[in-house]
Amino acid sequence: MNDHPNKPRSDSYDAVVIGGGHNGLVCAAYLAKAGKKVLVVERRPVLGGAAVSEETVAGFTFSTFSYVVSLFRPHIIRELDLVRHGLQIIPMETTYNPIRGDKGLVRWADSGRTRDEIARFSPKDASLYPEFGLAMGRLSRFTKNVIDTTAPEPTSLDPRELMKMLRLGRHLKDLDPEMRYLNLKLLTMSAVDFLHEWFESEPLVPSMAGSGIIGTFLGIRSPGTAYVLLHHYMGEIDGAFRAWGFSKGGTGQISIACAKAAESFGAEIVAGAGVDHVKIRNGRAVGVVLENGDEIKAATVISSLDPNRTFLKLVGEKELPGDFVANIRRYKNRGSSGKVNLALDRLPSFKDGRPDISHLKGDITIAPSVDYVERAYDEAKYGEFSKRPFLNIVIPSLSDPSVAPPGKHVLSAFVQYAPYNIREGADKWPEKREAFGEAVIDTIEEFCPDIRECIVGKQVLSPWDIEKITGLTEGNIFQGELSLEQLAFLRPVAEWSRYRSPIRGLWMCGSGTHPGGGVMGAPGELAAKTMLGEGGV
Amino acid sequence: MNWKDWAGYHAVVSYQEHHEQEYFAFRHAAGLMDATPLFKYEIKGPDAVYLLNRVMAKDIGKLREGRVTYCCWCDDDGRVLDDGTVSRLGKEHFRVTAAEPFLHWFMLNSRSLNVSIEDITSEYGMLALQGPLSREIIVRAAGEEASSLGFFRLMRASIAGRDVTVTRTGYTGDLGYEIWCRNPDALAIYDTVMDFGRDYRLMPAGLAALDVARVEAGFIMNGVDYFSANHCLTDDRKSTPYELGLGWSVDLDRENFIGRDALKREKEEGSKWRFVGLDIDWDAFEAIFAKFDLPPETPAGAWRTPVPVFGMDGKQIGQATSGAWSPTLKKNLALASLKTGEFRIGDRVQIEVTAEYERKLCPATVSEPMFYNPKRKRA
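Top to bottom, those sequences are chains A and B. Start counting the first sequence at 1; every next residue gets the next number (the working numbering). Start counting the second sequence at 1; every next residue gets the next number (the working numbering).
No lab work stands behind these hints: they were computed from the structure. Any given hint might turn out to be false.
Computed list of lysine-lysine pairs in DSS-like fashion (alpha-carbon distance at most 27 Å, straight line) [said to hold, decoys possible]:
no., chain 1, residue 1, chain 2, residue 2
1, A, Lys-173, A, Lys-144
2, A, Lys-468, A, Lys-332
3, A, Lys-381, A, Lys-332
4, B, Lys-339, B, Lys-267
5, B, Lys-291, A, Lys-173
6, A, Lys-332, A, Lys-432
7, B, Lys-315, A, Lys-164
8, B, Lys-44, A, Lys-144
9, A, Lys-144, A, Lys-297
10, A, Lys-428, A, Lys-408
11, A, Lys-351, A, Lys-408
12, B, Lys-315, B, Lys-339
13, A, Lys-185, A, Lys-381
14, B, Lys-91, A, Lys-408
15, B, Lys-44, B, Lys-4
16, A, Lys-144, B, Lys-360
17, A, Lys-37, A, Lys-529
18, A, Lys-529, B, Lys-291
Work out the full structure, taking the sequences as your base and the hints as a guide.
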C-alpha cells in the first residue's frame, strides 16, 4: 500500500499519531471515529511497522516481520469493521515438530489424532494433553479480563482504580484454589518446569515451551518464561482460545485494513515522512517536526513507537524528569530474535514419511529437545547467535495462494537466538548476517534435506536489521520484553502505565504499553479510549 | 470423511474431520464439490420456450442462447414449488436444475406441446469449482476462452478430451464455475481439474463448507428456509417468491404463467412475510454465555433447526430458519422469515438462543440477507 502521500493536507490537527504500525492505525481509527481530526505519520513509504507485507522477491510476498495472528482483539475487528476493509484470517490447524531421522510429532485440530501422535512418545502425556488445554483455557479467560481493560493502578486510591482491582480480585476469586495456585506458578516458573508438572516426553515439552521464550532474552529453563507461554495460549479467533491464523495477503493486510478503517472515519495518513522530534513548549507537546523540517501543530501527540525511541530520541532527556529517564533507560528491549524469509521454487520435503503435506499447513517448530533449545540460549548469553537455533517456521502459501506464484511458496522462519548485542558489537551485524542466515538454512536442512534446491530468493534479518528498518529499539519484536516486571501497571514503567507520559499532551499507544506486543491492537485501542474518556484529545 | 444422503446419492459432507479448511478454500483459493445429485432436466423442441414460460415465474423467452438464469416456479396459488437454474444451450434446447424431482410437473404442463423432456439426473454429473482462484483453474483446464466467460453465461469446452458445459454459476456467493459432463467422463474430469488446481491450493470440498458459504451469501434452500408447496399440509407453511426475496425474478407483464394471478394480487396487496438476514449481536451473545461462566458457543457449522424471532417487545414476529458463524465476516448470522409490518431493515429484534440448556433471547439487527457479496463474483 504505497499510495499514501508524504505531505499532510493541513498543518494543524487535534491529534498526530507517530508511526503507522497496526497500533498507531488502530488508535487513529478510534480517535477519528470519535470525530477528531487525526493525522498518522509513518517514516517508511509502506504502512504497517512490524506488521507489514512486502514483495521483497518479485512475485513473493513476505510477512517481513510478524508472521501469524491470534491475539488481535476480535472486538476491534467488529468495532472498526475491519472485515469490510479487507481483513481476512485463515486459521492454522496443525503444529508440527520434526525430529532428526524419525517421524516427528504433529498436533492436529482433531483431538483423537493428536492423542495418537503424542502416545507414540508417551501414552501418559497423550492422556493428559486435553486436561492441560482446559487448564490453560481457564487461565486464559482470567487473563482476558486483564488484557481487555487498562491496567489497574494498585497504588491509587481513586475509586475507579479500586473498583478495577476489586473486579480483578473477583475474577481471581472465581478461579478455584487449584487454578489460583496454577496462576501463581505460571507467573514465577520456567516454561520447562511448568510443563514438566504435566508432561514428560520430548519433543512435546520443548516444542510447547518454545512459545515461552519467543521475543524474550530468556531460555526455556529461565524463571518467568511460563507466563509468556500463556500469552501465546490466549490467542483467540472467533471465541476459540489457542487459535492461530494467517492474515490473507500477509500480516501487512491487518495494518492496511486498520488504515482503511481509519481513513473511512476521516483520519489522514502520510507515509515516507519521518518525525524528527516532538515539539515541546512549556512542558507540553504542541506538535511534531518532520525530518524534512515541516512542522505540524497538534493539541495531542501520540507515539506508537517504543518507549526508548519515543522519549530518548523524539522527546529528549532534557525535557523529562530524571527518574523517568532512568526508568526508560532500564526498560529492557534486548532484541533476541531474527527472521529468515525464503522464496521457494517448490515445496521442500520434510523427511517424515507422511502421505501428504497437511502437517505443513500450520506452524513447524524446530525444538527437538529441551537441551537443544537451552543450548541455543547458552550461545546467546555470551553474545553469539545460535548455531542451531530454535525456529518457528510457517509456509503461509500453503493456505493463502495469494502470497506466491502458482506452485511456488514462501517460507518464514522466526529465529531465536540472535542477540542484538553480539560480542563484536551490534553494528558488526552486517558482517555476520550471511553466516547467521546460513546457520538457519543449515538447521532447516537437517530436517528438510532439499531446502537449498528450492530457494530462489531470501531475506535475512538480524535484530540490527529489524531496528534499522522498523525503528524497534534493539530489534525487540514486542517493543520491550514481556517479562513480569514489564507488564500491566509496570509497562512501560511504574506510574506511567496508562498511556500518559510526563509531558502533557504526549501519549503512548504502542506495544510498549499495556497489554503488550503480539499484533493485538489492544494498546492502540485502549490508549484511544483512555484519551477520549479522560479528555486527553 | 463424512457422508450423508442427498437425493439418493452418497454425498460428501466434509473430506476432512472438520469442514473449516474446505470453507476457507472456497473463500481464499478454490474448492471442488460434486453436486451431481441435483435434479437435471433437458427440455428440447419447438415448444420448449413455451413450456418453460408457462411453468417458470420468470420470462424465459428473454433468456438468450449461451446464458443461464436463476428462477423459481410456483403452483396455481403462486406458492413456490422449487428454485433452480435454467440454461439455454440452444434455440430450442434448455437444461433445468431442481432440488426435487419435477419430471411429472413438467410433463403435466407440456400436453399437446411439441417438446421433449428428459430426466438426465443420473446421466449427467456436475462439479462445482468455486472460489477466488477458480478462474485460473478453469482456464487451465478448459482453455483460454473460459477467462472471459461472464457471470451467468455458459460455454461448451473440453476437459481431459471430454465434452463439457461450463457455466459461471454457483451456490457460494463467490467467483465460481459449474462443470456439467456425462457421468462416465466425470472421474477423468475431476482428476484433471484437481491436477490443474494443485498449484492454486484447490481442495475437495463438501456440503458442510458449502452450507456456511451459502448462508453468508444469503441463498435460500428448499426444505430448509422454505418448503415446496408440494409438501405442505397447510397453506401457512407455503411461501411465495415475494416472501422469499425472489420477487425480482417474477415477470408479471406477460402472457399467462402458472401462479400469475395470485402473484399479481400479492404484488398489489403486499406480502405477509419477508426473507431477511439477522446479524446476531455478539457482545450480547457473549454476555448470555458469560452468565454461565462459559465462552460463547457457536455451532461448528451451519445450523438449520428453526428458532423463533421476537420483536423487542417480546411478541413473536417470525422464525430464523438457518444460520452460521461467518469465519470471514466475524459475524453470527441467521436467515429468517419475518412478518411484514412488524419490522424494518436496520431494526433490532430478538432471536432465541440456547445457553447451558436454557432458552434466552439475544438481540439481532435485521438486514438484507446477502451478507457477503465480493466484487469478483460478477467481475
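So, going through the hints one by one against the coordinates:
no., hint, in the structure
1, A/Lys-173 x A/Lys-144, "holds (15 Å)"
2, A/Lys-468 x A/Lys-332, "holds (18 Å)"
3, A/Lys-381 x A/Lys-332, "holds (15 Å)"
4, B/Lys-339 x B/Lys-267, "holds (16 Å)"
5, B/Lys-291 x A/Lys-173, "holds (16 Å)"
6, A/Lys-332 x A/Lys-432, "holds (24 Å)"
7, B/Lys-315 x A/Lys-164, "violated (39 Å)"
8, B/Lys-44 x A/Lys-144, "violated (64 Å)"
9, A/Lys-144 x A/Lys-297, "violated (37 Å)"
10, A/Lys-428 x A/Lys-408, "violated (34 Å)"
11, A/Lys-351 x A/Lys-408, "holds (19 Å)"
12, B/Lys-315 x B/Lys-339, "holds (11 Å)"
13, A/Lys-185 x A/Lys-381, "holds (25 Å)"
14, B/Lys-91 x A/Lys-408, "violated (45 Å)"
15, B/Lys-44 x B/Lys-4, "violated (33 Å)"
16, A/Lys-144 x B/Lys-360, "holds (25 Å)"
17, A/Lys-37 x A/Lys-529, "holds (16 Å)"
18, A/Lys-529 x B/Lys-291, "holds (26 Å)"
Against the hints set out earlier in the document, violations occur for numbers 7, 8, 9, 10, 14 and 15.
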